[in-house]
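In order, the protein sequence lines correspond to chains D and Y.
Going from the first sequence to my numbering is simple: count from 1 and add 1341.
Going from the second sequence to my numbering is simple: count from 1 and add 1341.
Read the hints as simulated data drawn from the structure, not as lab findings.
Because the structure is a prediction, the values reported are computed rather than measured.
Each residue gets a CB set at the ideal place from its N, CA and C atoms; glycine is no exception.
Just to be clear, a hint being listed does not mean it is correct.
[Stated by the list, open to error] No farther apart than 25 Å at their CA atoms in a straight line, the calculated lysine to any residue pairs in the SDA-like style are these:
| # | chain 1 | residue 1 | chain 2 | residue 2 |
| --- | --- | --- | --- | --- |
| 1 | Y | 1526 | D | 1499 |
| 2 | D | 1623 | Y | 1486 |
| 3 | Y | 1526 | D | 1513 |
| 4 | D | 1636 | Y | 1501 |
| 5 | Y | 1530 | D | 1534 |
| 6 | Y | 1636 | D | 1651 |
| 7 | Y | 1636 | D | 1453 |
| 8 | D | 1530 | Y | 1487 |
| 9 | Y | 1526 | D | 1486 |
| 10 | Y | 1677 | D | 1499 |
| 11 | Y | 1636 | D | 1498 |
| 12 | Y | 1526 | D | 1487 |
| 13 | D | 1623 | Y | 1636 |
| 14 | D | 1636 | Y | 1497 |
| 15 | Y | 1457 | D | 1513 |
| 16 | D | 1530 | Y | 1534 |
| 17 | Y | 1526 | D | 1537 |
| 18 | Y | 1457 | D | 1453 |
| 19 | Y | 1457 | D | 1537 |
| 20 | Y | 1633 | D | 1498 |
| 21 | D | 1623 | Y | 1490 |
| 22 | Y | 1633 | D | 1500 |
| 23 | Y | 1655 | D | 1513 |
| 24 | D | 1677 | Y | 1646 |
[Unchecked claim] Over 12 Å on every C-beta distance to chain D, these chain Y residues come out as not near it, computed from the model:
| # | residue |
| --- | --- |
| 25 | 1371 |
| 26 | 1375 |
| 27 | 1391 |
| 28 | 1395 |
| 29 | 1397 |
| 30 | 1438 |
| 31 | 1542 |
| 32 | 1586 |
| 33 | 1670 |
| 34 | 1675 |
| 35 | 1690 |
Protein chains: 2
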Amino acid sequence: MAETSASPTLLLKDELDIVIPTIRNLDFLEMWRPFFQPYHLIIVQDGDPSKIIKVPGGFDYEIYNRNDINRILGPKASCISFKDSACRCFGYLVSKKKYIFTIDDDCFVAKDPSGKEINALQQHIKNLLAPSTPFVFNTLYDPYREGTDFVRGYPFSLREGVPTAVSHGLWLNIPDYDAPTQLVKPLEKNTRFVDAVMTIPKGTLFPMCGMNLAFNRELIGPAMYFGLMGDGQPIGRYDDMWAGWCTKVSTLLTEHFLSLSVVCDHMGWGVKTGLPYIWHSKASNPFVNLKKEYKGIYWQEELIPFFQSAILPKDCTTVQKCYIELSKQVRAKLGKVDEYFIKLADAMVTWVEAWDELNQTGKSIEVPNGSAK
Amino acid sequence: MAETSASPTLLLKDELDIVIPTIRNLDFLEMWRPFFQPYHLIIVQDGDPSKIIKVPGGFDYEIYNRNDINRILGPKASCISFKDSACRCFGYLVSKKKYIFTIDDDCFVAKDPSGKEINALQQHIKNLLAPSTPFVFNTLYDPYREGTDFVRGYPFSLREGVPTAVSHGLWLNIPDYDAPTQLVKPLEKNTRFVDAVMTIPKGTLFPMCGMNLAFNRELIGPAMYFGLMGDGQPIGRYDDMWAGWCTKVSTLLTEHFLSLSVVCDHMGWGVKTGLPYIWHSKASNPFVNLKKEYKGIYWQEELIPFFQSAILPKDCTTVQKCYIELSKQVRAKLGKVDEYFIKLADAMVTWVEAWDELNQTGKSIEVPNGSAK
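Could you build all of it, start to finish, from the sequences and the hints given here?
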């Protein structure tokens, strides 16, 4: 199918925020300047709030440190992680835009096999603006991409697709491995450029990495909570996984009362993965990672079946209701695995309350630290 | 994970048959000679049985025409289509090998982006010998491929994978489009080489094309029936789709009583798609195709939900039992769509009877026309 002829970059200029969690000066933005400069940045400063984060000139940004988070959210700030990149989800909360792109500050511009620099943001926008196809797998991948289409045998009633909620991008150079795999394969690099975008089918979970991720905040924002990680918590490096599992289950929300014959009446949402690639510059310390991950590594054996069998009742007609229902199931079922999940279930509720407070009552947020423009 | 160090080509030399349905001289084999010559070919001659099919010298083959099929199967020959490439499944029936690779005679050797000729058969063998991962999607695609692995957040209990039943290869040049898409996009070519193999997740249907397909006959053979198409039938070009839907549902057979915690006790099977590419030389006539497809185009709108909701009882512990059960559901539910499906349900039963007759009772099959070696 033909791509939209209008430039997607221009289309979303005022509808997308770039969210960056960081503890250091944002020199990495220099490389992204040609692609990011037209967009607004939301920087979430982790760690010591007295530290000054330098942002290269010419960028339009707002920056929040821990003091800002505490001031804006009050007691509800407890749901935002500290000393963990999970704090990035505060940026989703305070954004007023329809779309979010979030990227780690150790991710640089990758090159495609022809040597051309990849405009990751533009590809995410393409992914988000084109529909998804979660009900039947298309063997030629994204059927909406130029030069391809639905293959023989793909039902015509499903060719309109459904709105895309999430665009999950990948990584060249350092792959997103867990600590055990890092330890076993310290030198493995990802050098394979797979030139495809695809919809992850309905009912299928995937490990969602937060390093290079975009989503439709209006559709799925309230489920994009990155959980309780880091300071004072028994676990780290599962923030994006948690958000991915919850998000995927939430896209199922409508799927549970979807039969194919009513797909046009009750829309589900899709999750895409594949392009764009970024260049992940440096592997994090596997020993530190193992300490953060080790509880997660055995907990996830129970989390995956939990999410695979989660059923959301039909009256969950908004993501918020869906997420609150999920928090109840987390408390009831995962609370038996570890008391951490009771705390997490509480935080899930707090997160949705904070979301509604900042996003539905029209309460304006004071933007600290000004913006460069 | 490391690939098997032994050459897969040598591994399966005596365990794989190449099945080719045809109505013409097999000149296309010249291009495949370096890759196919070590293997045994089963040629299923369609159409006029008095025509002599020329096979290039040096190949080891057996060839069956309609008279052979009628002689070998007797009244059960009614389940094998005539004047349609669906007749290829007769080759699956008479093979005694563990693996089948089937290819159309208008498919040639494709080249990878570096210009190197692609050994499609070898890639299929790699796909079939490596496990599948149908329970959770791995974002870096096939985790068993050299240079890649399971990503962070992938449950460790699922990293052994399950046996691969099907390897579905793709097509450069002429894509496998239906007649309406062919008519709308007469000039579209597939030029995108996507360097990936992936498992199609559990519970997800896909359009399986028979042009470039390999499978584990021991695991899934009895479900690889290509249906009633062509001469005397109201439909064509849905033979491979039918087999794909039935096969995918049959891999679910074990999934229905699979919970993640017992995955090591009760194995499911996987279906892979992606590499290898072949070069599909010529689009078939879209007007002729439309005539063959038009009933299928609206029937498939009911077939997909039928297969998506098909449940196979726990006592279906073999593919044969599974397939007979499926035939009952086809008769009961799809029989209402059109009486054709009652005939098809009967043919499904006949097919399984023929399969058991030729494959389980030890009855030897007379190989007609000799072999070149």
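Q: Beyond 12 Å from every chain D Cβ: check whether that's true for residue 1391 (chain Y).
A: With a cut-off of 12 Å, residue 1391 (chain Y) remains clear of chain D, as the shortest Cβ separation is near 32 Å.
Q.
If we take the beta carbon of residue 1371 (chain Y), is the closest beta carbon in chain D still more than 12 Å away?
A. Given that every Cβ of chain D is farther than 12 Å from that of residue 1371 (chain Y), nearest at about 28 Å, it holds.
Q.
Between the alpha carbons of residue 1526 (chain Y) and residue 1487 (chain D), is the straight-line distance 25 Å or under?
A. Roughly 12 Å separates the two Cα atoms, so the pair holds.
(Q) Hint check: residue 1623 (chain D) vs residue 1636 (chain Y), CA-CA at most 25 Å. Holds or violated? (A) Violated: residue 1623 (chain D) and residue 1636 (chain Y) sit about 56 Å apart, past 25 Å.
Q) Do the alpha carbons of residue 1623 (chain D) and residue 1490 (chain Y) lie within 25 Å of each other, as the hint requires? A) holds, 18 Å
Q) Within 25 Å, alpha carbon to alpha carbon, are residue 1636 (chain Y) and residue 1453 (chain D)? A) Status violated; Cα separation ~43 Å.
Q: Compare the distance between the alpha carbons of residue 1530 (chain D) and residue 1534 (chain Y) with 25 Å, and conclude whether the hinted pair is satisfied.
A: OK: residue 1530 (chain D) and residue 1534 (chain Y) at ~21 Å, within 25 Å.
Q: Verify the proposed pairing of residue 1526 (chain Y) with residue 1513 (chain D), using a straight-line Cα cut of 25 Å.
A: violated, 34 Å
Q: Verify the proposed pairing of residue 1636 (chain Y) with residue 1498 (chain D), using a straight-line Cα cut of 25 Å.
A: Holds, at about 15 Å.
**Q.** Pair hint outcome, residue 1530 (chain Y) versus residue 1534 (chain D) [Cα-Cα no greater than 25 Å]
**A.** Holds. Residue 1530 (chain Y) to residue 1534 (chain D) sits at ~21 Å (cutoff 25 Å).
Q | Hint consistency between residue 1633 (chain Y) and residue 1500 (chain D) [alpha-carbon to alpha-carbon, up to 25 Å] | A | Holds, at about 21 Å.
Q. Straight-line Cα separation of residue 1623 (chain D) and residue 1486 (chain Y) no greater than 25 Å?
A. Holds: residue 1623 (chain D) and residue 1486 (chain Y) sit about 23 Å apart, inside 25 Å.
Hints 3, 6, 7, 13, 23, 24, 31 and 32, counting from the list given before, are not met by this structure.
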